[in-house]
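Number of protein chains: 2
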Amino acid sequence: MAIKTFISKKNKIINQALDNYLPAADLKPSKLHQSMRYSVLAGGKRLRPILTLVAAKLVGDLAEEDVLPAACAVELVHNYSLIHDDLPSMDDDDIRRGQPSNHNKFSPALAILAGDALLTLAFELLSDIKAVDAKKINMITKELAEGAGHQGMVGGQVVDIESEGKEIDSQELDYIHRHKTGALLKTSVRIGALMGGAKSEELTALTTYAEKIGLAFQIVDDILDVEGSSEKLGKAVGSDSNKDKATFPAIYGLSESKELAAETVEEAKEALDIFTDEANILKELADYIIQRDY
Amino acid sequence: MAIKTFISKKNKIINQALDNYLPAADLKPSKLHQSMRYSVLAGGKRLRPILTLVAAKLVGDLAEEDVLPAACAVELVHNYSLIHDDLPSMDDDDIRRGQPSNHNKFSPALAILAGDALLTLAFELLSDIKAVDAKKINMITKELAEGAGHQGMVGGQVVDIESEGKEIDSQELDYIHRHKTGALLKTSVRIGALMGGAKSEELTALTTYAEKIGLAFQIVDDILDVEGSSEKLGKAVGSDSNKDKATFPAIYGLSESKELAAETVEEAKEALDIFTDEANILKELADYIIQRDY
Numbered sequence: 193m194a195i196k197t198f199i200s201k202k203n204k205i206i207n208q209a210l211d212n213y214l215p216a217a218d219l220k221p222s223k224l225h226q227s228m229r230y231s232v233l234a235g236g237k238r239l240r241p242i243l244t245l246v247a248a249k250l251v252g253d254l255a256e257e258d259v260l261p262a263a264c265a266v267e268l269v270h271n272y273s274l275i276h277d278d279l280p281s282m283d284d285d286d287i288r289r290g291q292p293s294n295h296n297k298f299s300p301a302l303a304i305l306a307g308d309a310l311l312t313l314a315f316e317l318l319s320d321i322k323a324v325d326a327k328k329i330n331m332i333t334k335e336l337a338e339g340a341g342h343q344g345m346v347g348g349q350v351v352d353i354e355s356e357g358k359e360i361d362s363q364e365l366d367y368i369h370r371h372k373t374g375a376l377l378k379t380s381v382r383i384g385a386l387m388g389g390a391k392s393e394e395l396t397a398l399t400t401y402a403e404k405i406g407l408a409f410q411i412v413d414d415i416l417d418v419e420g421s422s423e424k425l426g427k428a429v430g431s432d433s434n435k436d437k438a439t440f441p442a443i444y445g446l447s448e449s450k451e452l453a454a455e456t457v458e459e460a461k462e463a464l465d466i467f468t469d470e471a472n473i474l475k476e477l478a479d480y481i482i483q484r485d486y
Numbered sequence: 193m194a195i196k197t198f199i200s201k202k203n204k205i206i207n208q209a210l211d212n213y214l215p216a217a218d219l220k221p222s223k224l225h226q227s228m229r230y231s232v233l234a235g236g237k238r239l240r241p242i243l244t245l246v247a248a249k250l251v252g253d254l255a256e257e258d259v260l261p262a263a264c265a266v267e268l269v270h271n272y273s274l275i276h277d278d279l280p281s282m283d284d285d286d287i288r289r290g291q292p293s294n295h296n297k298f299s300p301a302l303a304i305l306a307g308d309a310l311l312t313l314a315f316e317l318l319s320d321i322k323a324v325d326a327k328k329i330n331m332i333t334k335e336l337a338e339g340a341g342h343q344g345m346v347g348g349q350v351v352d353i354e355s356e357g358k359e360i361d362s363q364e365l366d367y368i369h370r371h372k373t374g375a376l377l378k379t380s381v382r383i384g385a386l387m388g389g390a391k392s393e394e395l396t397a398l399t400t401y402a403e404k405i406g407l408a409f410q411i412v413d414d415i416l417d418v419e420g421s422s423e424k425l426g427k428a429v430g431s432d433s434n435k436d437k438a439t440f441p442a443i444y445g446l447s448e449s450k451e452l453a454a455e456t457v458e459e460a461k462e463a464l465d466i467f468t469d470e471a472n473i474l475k476e477l478a479d480y481i482i483q484r485d486y
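From first to last, the protein sequence lines stand for chains A and B. One gets the working numbering by counting positions in the first sequence from 1 and adding 192 to each. One gets the working numbering by counting positions in the second sequence from 1 and adding 192 to each.
Next comes chain A alone, as it looks inside the complex (with noise of 0.2 Å):
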């Protein structure tokens, strides 16, 4: 599938790149950076760079390398959240991608620090861009600090905490999702589309399909935690809704939970419709989505 192989080689792309904008292990102090870079070189599929990379080619000239440091950014804020979610106080996940979490192989205190380091190192590399004018870096700069702040996913964790053990209605639901993974999705190709230049449309079609995308993630991932298994997950199957979170199965039952998904995928396909073939890869990455693990 010429997906997979897009996703890929963009992979090894950003890996390189997010392996050269953490600091070196041994640097002192080198706990701190052996944590850092642990949990962000862990690897994970590295969708938000992606989109962000693909955003910028399709409404713009820029070189890759000249986008890397953003879409690296938006990375860094997501591995960040990871690390806080997964901390005892909050989700309680000893295990990420397969590995021991963060908090597990280092220690809490490290974990909420590394976490720190990592949401601060985003905007470092933002304040670093050379490719755009200012006035962009200032733009993005915002897009990140609102998508993944009190507003945005910082919010929907909240929200999500809140949530357990409670009985939420949908409305609430979409809430936390459109919050605590929707935001930064939509922050990501929005990043993109901003350092591509992108024109108002342009930006109004992007943000529509990163919406879209961002709630078919959700719906998928919460799907994956009923039928799925562990290793495709990388968490335990049945680690959320065992905690009495809100999911889309536990609220829609799996059937319609399934069609959602698929609906939500076609919605962002059409929100691509005002461009030209240029846009497939986009339309793909919707499909990979939902045809990830089901």
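Treat the hints with caution; some may be incorrect.
Remember, identical chains collapse to one label, so a pair may be satisfied in a single copy or spanning two.
DMTMM-like, lysine to aspartate or glutamate: derived pairs with alpha carbons at most 20 Å apart [to be verified]:
1. Lys201 to Glu257
2. Lys220 to Glu359
3. Lys237 to Asp211
4. Lys220 to Glu354
5. Lys202 to Asp253
Honestly, the hints are just simulated from the structure, not real lab data.
Following the hints, position chain B against chain A.
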């Protein structure tokens, strides 16, 4: 004492600005926003944002209100670091500024997320600045990220935690303080200087000043931990030495530590010799730091 009146006047302005920049307590997710506001608006000397304002005024003619977002960004970073430092898996402090620490008032999960959100909000505030050109905002963003990050404040906190219960030498103590406390104080001054458009020699002088007061600040903090009152310190007396943490009195003795603090403040003031009497307020702030409590 004139400096106390000055500090209290600036405090009011800074507190008002922080109140404006922080999300409303009833905005969803309200628990998160309450938690963010609880710690930031609990008081504190606001030494860092005051340094930013004063440094900017010394070298340029920006209106104070135009420097406030940058000054408050530094204060948000300071507050996020206190919230995370107090966590059970870090310093495990139940009290901060005479009140229950954030995780004690809310929960460890909310304290982690409120800290994350405050750090993110700091960068959002910078990205919104309109009073200086975009290039300068990037410089300031980079300055904040470096001062707060893995080679700055977070790096110092890691080495501090690693040093607990161990005998450490004066070189290691120096590393901890230059990073854990010193880095962000330096950042506060330098961000003000950059906002104000400092010339190269002005920036150098102010940087030296900031490094010296950072050191003096830490020495005094350690001395107070031995002989201060819990009321003035806002945390339990001996809470650091009880944990076998590295302190100046533990390494140099109490009397030599006091001499060192006084010498360091003199050096801070000498660094300002290139300025006119307009730098007097910074000199008074330096004096204030060591006179504050003993």
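Going through the hints against the structure:
In the homo-oligomer, the alpha carbons of Lys201 and Glu257 lie at most 20 Å apart inside one protomer (14 Å), although the nearest pairing across protomers, at 49 Å, exceeds that limit. In this homomeric assembly, Lys220 and Glu359 come within 20 Å of each other (Cα to Cα) only across copies, at 18 Å, whereas the closest approach inside a single copy is 47 Å. Taking the shortest Cα distances, Lys237 and Asp211 sit within 20 Å of each other inside one copy (16 Å), while across copies they are farther apart (40 Å). With identical chains, the CA atoms of Lys220 and Glu354 are at most 20 Å apart between copies only, with a shortest distance of 12 Å across copies and 38 Å within one.
For the identical chains of this complex, Lys202 and Asp253 are intra-copy neighbours only, at 17 Å inside a copy versus 48 Å across copies, given an alpha-carbon limit of 20 Å.
Consistency with the previously given hints is maintained throughout, with no hint failing.
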